Amino acid sequence: DAKTTQPPSMDCAEGRAANLPCNHSTISGNEYVYWYRQIHSQGPQYIIHGLKNNETNEMASLIITEDRKSSTLILPHATLRDTAVYYCIVYLNAGNMLTFGGGTRLMVKP
Amino acid sequence: KAGVTQTPRYLIKTRGQQVTLSCSPISGHRSVSWYQQTPGQGLQFLFEYFSETQRNKGNFPGRFSGRQFSNSRSEMNVSTLELGDSALYLCASSLGTKNTGELFFGEGSRLTVL
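In the order they appear, the protein sequences are chains A and B.
According to the working numbering, the residues represented by the first sequence are 5 to 114, in order.
According to the working numbering, the residues represented by the second sequence are 404 to 517, in order.
So here's chain B without its partners, still in its complex pose:
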């Protein structure tokens, strides 16, 4: 069974640009959540999508947005990039029908903002 796939794995952007990251969950999983990991703040929850609807949202500015498609694949977008957005962005999937803390994480997309 294929795991959670994130693309791209690495990318470099400049300040003011925008970026879109993609996440393909494990087959059959309907919940996709996104996390940001930085050396200073650690792992922080961004948002969660279930059946194409945002179900939970963390404490991030509106520049961070996401969506989920009917096949459960998800994308997150960061607009007007700032240096502080440099981070590892992790996607996690789960069945989602039963609230559980057992998430399956991808290997992440490492974003560098110059």
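Chain A extracted, bound-state conformation:
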């Protein structure tokens, strides 16, 4: 699976949009971009995924650049409960084997 690069930490004010970037410059055409988050002492939680098009669900939006070399996860109105480590994963549909990187520690502040 392609390697991803994320900033180690970010801060966001409560109520503001949190934009979490991810670089995956070696992604191949059939690899998906997945986002998970892990709140302290809990298991990771699936957020969203996409291949080429931008995606939105009740939790977040995923913006993938046209060349697919980077993406941004957007939490439109961050709350204190969104404080977590966010993982960007490039995944090839071949078994349920995810390769987690270091992730971004998002701190939402009042």
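It is worth saying that the hints were derived from the structure and are not from the lab.
Model, not experiment: these values are computed from the prediction.
There may be inaccurate statements among the hints.
[Unchecked claim] Label-pair restraints from in silico Cβ distances:
1) B:P442 - A:R85: 15 to 25 Å
2) B:L486 - A:P114: 32 to 42 Å
3) B:Q420 - A:T83: 15 to 25 Å
4) B:G431 - A:Q46: 18 to 28 Å
5) B:N459 - A:H81: 33 to 43 Å
6) B:S473 - A:E18: 29 to 39 Å
7) A:P25 - B:S473: 40 to 50 Å
8) A:S45 - B:F463: 21 to 31 Å
Every residue, glycine too, gets a C-beta built ideally from N, C-alpha and C.
Mind docking chain B on chain A? Use the hints.
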């Protein structure tokens, strides 16, 4: 719908002992995968089971093993424990019939090796 259940949640062992961890997947899910999380190495894939067969395996020594039962429940075993095996062990389940990266994780079993 009940989530993924892992037992025990916490346990302490000493070096050289062995440990068995249990995972009950979400009802109807046939794939169970295991991950190890440590501060130094982060989250690492151990293995995946689907319909009682190991389908994928990560880069861990043979001391780490697992199995899956006909009801999809899974166990993992670590023999001859080392201090470095202290970690949070996470289990994740999915339907498994269609390869997807959408996994449902349990809260983990935190193992401390003394």
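Outcome of the hint check:
A beta carbon spacing of about 23 Å between P442 of chain B and R85 of chain A agrees with the range 15 to 25 Å that was offered as a hint. At roughly 40 Å, the beta-carbon separation of L486 of chain B and P114 of chain A lies within the given 32 to 42 Å, and the hint holds. Range check, Q420 of chain B to T83 of chain A: Cβ separation about 43 Å, and the 15 to 25 Å hint is violated. For the hinted restraint 18 to 28 Å between G431 of chain B and Q46 of chain A, the CB-CB distance of approximately 22 Å keeps it satisfied.
As the Cβ distance of N459 of chain B to H81 of chain A is approximately 38 Å, the hint placing it in 33 to 43 Å holds. Checked against the given bound of 29 to 39 Å, the beta carbons of S473 of chain B and E18 of chain A, roughly 48 Å apart, lie outside it. For P25 of chain A and S473 of chain B, the Cβ-Cβ distance of about 44 Å falls inside the hinted range of 40 to 50 Å, so the restraint holds. A C-beta distance of roughly 23 Å is found between S45 of chain A and F463 of chain B, which places it inside the suggested range of 21 to 31 Å.
Consistency note: the structure conflicts with the earlier hints numbered 3 and 6.
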